[in-house]
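J.: Chain by chain, the residues run as shown.
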Amino acid sequence: MKKSYLYIASALLALTAFTSCDGDQVLPPMVVPTATIEANTTIAELKDMYWSTDANYVNTIGTREADGEHIIIKGRVCSSDESGNIYKSLMIEDGTAALTVAINAYDLYESYHFGQEVIIDVTDMQIGGYNGLMQLGGEGTYNSKPSMTFMSEDVMTAHAQVNGLGRPQDVDTVTTTIPTLATAKTTPEGLRNWQSRLIRIDNVQFEDAGKPFAGESTTNRYVVDADGNRINVRNSSYADFKNDILPAGYGSIVGILSYYGSDWQILLIDASGCVDFNSVDVPVFSVASGNVEEGTKVAISCATEGAAIYYTTDGSTPSATNGTLYTDPIEILETTTIKAIAVKEGQTDSPVVTATYVTATAATSVNQNFDAETAIPADWSQVQIEGTKTWYVTTYNNNNYAAMTGYKGTAPFDSWLISPAISASKLSKKTLNFSTQVNGYSSTTSVFEVYVLSSNDVKTATKTQLNPTLATAPASGYSSWTDSGNVDLSAFTGTIYIGFRYYATTDSNYATWCLDNVVIE
Amino acid sequence: MRLKLFVLLLLAVTMPMLAQNATIVGNVINANTGSPVSGASVVLQNKDVTTTTDFNGGFRLKSDAAGSEYITIICDGFMSSGFDVNFIAGTTDLGEIRLQPTADSAIDYYGDASDLLFDEAVMEDEDGNSQGISSLTGANDDIYYNTASYNFSPMYFNYRGYDSQYQSVYINGIKFNDLVRGRFNFSSLLGMTSRAFRNKTTTIGIAASNYGFGDLGGSVNYNTTTDLYAPGFNGSVSYTNSAYMLRGMLTYASGVNKHGWAYTISAIGRYANEGVVEGTFYNSGGLFLSLEKILNKNNSLVLTAFGGPTQRATAGATYQEAYDLTGDNLYNPFWGYQNGEKRSSRITETFDPTVILNWLYKKGNTSVNTAAAVRWVNYSRSALQYYKANDPNPTYYRYLPSYYLDDDGNPTEQSEYYTHLWQTDVNTRQINWDELYQINYLNNNQNLSLSDADKKGSSYILENRVNNQFNAMFNSYVNTRLTDVVSLQAGVDFNYTKSSNYKTVRDLLGGEFWIDIDPFSDRDITIAPDNLQNDLDNPNRRVYKGDKFGYNYDINALQANAWLQNTITLPHWDINYGLKMSYTQFQREGYMRNGRAPENSLGKSALLHFDDATFKAGATYKINGRNQLVAHFEYGSRAPLADNVFIAPRVKNTTIENPESERDLSFDASYVWSYRRFRGALTGFYTAMNNVVERTGFYDDRYNTYAIYALSGVKRAYRGVELGMSYKITPSLSATFAGTYSRYQYKNNPKGTRSFENGLYADTTQTVYLKNFYVGSTPQVQANLGLDYQAPKNWFFNVNGTFQGDSYVNLSPAYHEELADLWQKYSTEEELKAKIEELSTQDKLKNAFTLNLSIGKAIYLRKVSLNFNLNINNVLNNKNVVTYAYQQGRLDTSNYDRNAYPNRLQYAQGVRVFFNVGVRF
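From first to last, the protein sequence lines are chains Y and F.
Residues 1 to 521 in the numbering used here are what the first sequence spells out, letter by letter.
Residues 1001 to 1921 in the numbering used here are what the second sequence spells out, letter by letter.
Source of the hints: derived by calculation from the structure; they are not laboratory data.
Among these hints, one or two may not hold up.
According to the in silico footprint, chain F covers these stretches of chain Y (three or more CB under 8 Å from chain F) [what the hints assert, rightly or not]:
#, stretch
1, 14–20
2, 31–43
3, 166–177
Beta carbons are placed, not taken as given, at the ideal position from N, Cα and C, and that holds for glycine.
All chains, full assembly: derive it from the sequences and hints.
T.: Here's what the structure looks like:
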């Protein structure tokens, strides 16, 4: 009896195991289209053969010169008319170049899938330009001249075969920048190389963010990069995303690089061509880049609520995983470059912004008689706001001094000689003293002025003009050296610079101003 | 007609040499039914010698010493029998030993309630054709089979996954399976299975039987020989909330009088004004007569006649959406209100009068049963037909809210409007009869101003789809014991069937007349005007009530079989082997020249004929009286069914290309144990059917035509394990477990031919990728656990729970073809693969659990006994049991939306009560 149980149990187990092998269910095989012709020419070669600088022209494609064989090209479909933004066209690319194929039919995406290989026997087909865009199509007229238009669908069917299924991952998306494209369009090579390509431009924002992609008619929407370069994103009023709202913030644009007249226009395949536009707002520094006093505190803020700011000071690119999470203002103790990024869950990271702070070691006294110098000393600087004439160091009677003149130059002149940084509050006497000498040459417009500057960037610095005693030009020759007297600097704090300005507008002659024995103490 | 002569192979009969011992042989039969009792233990009480009886009830015991011995015969479900026998040298034949069944045998518990199973076991395909479900009939000695018979419902359960055509049903030795469709229509037994057709012998699977060759799915032989009925009166009244509500049955058996006459008469009536499904009704009455004249000791004649008209309105499978909208899983779309009264469009009428004459001869070890039978099958089912009018079916897809959902599947104003209509307006969710009449009246009004030639026909009619048959059958078989060890069974049978198929106008619904054209071909009218005509020789014929129209054809079929079988009974071995040869022919004869097939619709088709043979063998090794091993094997060919071979029989004579017989291989092996308290059997089986033909029909939107999809060269495999066990906890309390874990699968990728009835498109043949998909609509895993308590004072209790699972939707070949244009919609390999996978997925039905209760009480008075039975099926009122489901034939090739044409499915009812009061005297 016991044995029986064992027999039953093992037999049951064995039979159940035998039964439970269901085997794999056989599915109908995939039907995949297969082309029977093979390419022998690249798109770049074809474009080269039939390129013309005319905006509008039509050529009938012949056979290969070498062997008389039909010209056959192959490319992957890198466009889709499913959204309606691209009209009666498809674009193919083969890595060497891309080509627009204009076909008088809708819903081309059903027969020619994005990423699908299309092989076209182009011999006897028409190739040419329509307002500068090279394309395969049919013959039409534009302004009474032959021009490209759409080919009938039958022509395409007769000449083209699809091969395999769509492989979107194999479509070549070329990442580029607006300046690159601006340069490319100036040469035929550039046009041939770039027209009809699927491109990507990173870090751009829509000028019209918040408006719809298109209005009642086809609408140009520009994107602009951080440097202010713009490119047109042209949206059809037939696009199914035309009422979608252009995203704010920075992101990337992916689309077909089309061309009309003399400029590029990007055709989005669909709204997903706007990539990662939900970026966090750019972080803002409380202090502008430039010279700062040691100990200056820089705050970083971001308008996006809840965004976290990460920054680095070692030059590396900050991210949520690299750098320091910003909490309190950063104290600048030495010359520092801060890179900052704002991040937020669910949104794309902001672009990285950079600020550089220079903590010039401000002097507590300056005593410069230029005698040891043959050129403007290294801790001094000079800036030419206008004109090309510069301050220089020269010698007379074994005395070296700095000088500036408009002589033999082209007016106007606005040339600054700037002292080293000075810690105003640390000066012992808080006075400025120097000597000047001037040769007037009958000039009437040449002026010498002295300022206290808040930074050595003259354009942006706060300027306070001083009123020292200056040399007066004699009728001819040089004046004698004139002491400025002790100019009071006690009104200033922080880091200051003394700027010596030579200024002149057009004149028959220009004065030469000489500066020596600058003492700040 | 050409009939081949068969030459039966003479089977060599091996005669094992026997030791010079004392041997006894005998046959154990059921004292009530006369059928053999197999599997009974025969024990020599004083020696350790036991054996079990074979399928014939036969046994053989030997003793090495002469002398008196006490023999005991034990079999579950029977009272034990014991007596003394005298062993003498040589062989002693004890003849028939009658075992008295115990009162608690299954038939008394469930018999009446199980009558229901035989009535309802019909499902429909997309075309509305009914598909048979094999019904099991119960057998005393097999726990698994018994449980399956009574408790593997309410999901439609096919034994071992086979179609009903693989199960043979005999009445008095004559096989009554329909030659055209292969199945036996259990409803032709009129619901009298528990009384008039009570006596039966069941053969499980490919085991041997003594009345016929049987089939892969087993066989049953109903025996109506008059003297088997216990004399007396037997009456019962039953109430149930099912297809019918009330049933009354009377049976009187006279017993044999002194002149050798005996008769049994029985009458039954079943009635429901409205069945459990709304809009259905049931009216059925039947009579049964068995009359016997015992001519002498060796010969008797038995005349059996039965038949009864049945009229009932039925429900059918529809969409889940409709069930959800109505909140009713028994929603029935086939009725509506007319003048405030419910009227069904789907009325089935049957009347199958049958007469059988048997001549029974028995002398010594030989019995011969010779029979002739005729049967007239009258079957019709009504349906609405329409032309140039809106589809009257409330579940037409444009009337369902889902049609108006937007592209993302979200509700729209229109879809919400339809939802509202469905939920509030009975004329939306049901047939709007008044509107159909109104439209027909408007036609009539318009006709008043038209000349006779211009008059328009009705827009709607109710038609009858008639499928009548005439069967003439003859059968004779012999059962003889050649020696102590060897017996032989052999038989010949012959069946002639004429199947007549046509439509008639049942009701013009107030219209003047109907024009006999094909509404489906209307759209082809400009291309092929003749296509419209169902009868090209009588174009645009006007038909009136009762007129035949649409199609009219016969299938004439003929089958002849001869079989021979040897059985060898040894103390430790029972062995049988046999061979059957058969000849089948059929031919279509059309009576209308159909405009869609003018050349091959009128007149006779080619005569198709098939020669087939089947070999089977089996062996039982009796390890001892308590343990045995059993194995069976069968290999053979079977002619395809006429129903599957003709591609579009309603239209034309065309058949599938090169129809061939299918080839089936089957084997099973069991271990059977039988201890005092614990008995059971564990069986493994494997069956491979090769070269099978399947055919389905559906309306194909793409081509605006009715389409037929015929699969040929199909290979299916059925394998599984069955376990049945019974344990007697106390003498009156026993627990029973029965379960199967099986896999019924397609095993190849057959050819499929799609044929268009409008004839505008050429037939296409393509590979259909089915390998390892499942044969649908039958659970492949089932388990039942039951407790029987035989309480004092003749109370009986049974409680059991049934789990049914792994049942799949009947699949449509269109979803398993290569789709040449699919890549245009799903461009990448991943998407394409995913879509192919999605389209091919075979939906699985929900697993079901039901709990059932039975209570019985018998009261024995002096001359009268009363019995009460209460069966409550599905006590937990589980209304989520899908009985069967099928995928629609057509595929949405514009969007490849898998849900565009959803599955059709039917649910089982919730709790079902059957209460029966019976009286006997």
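J.: Which numbered hints does this structure break?
T.: Checked against the structure, no hint fails, so every one of them is satisfied.
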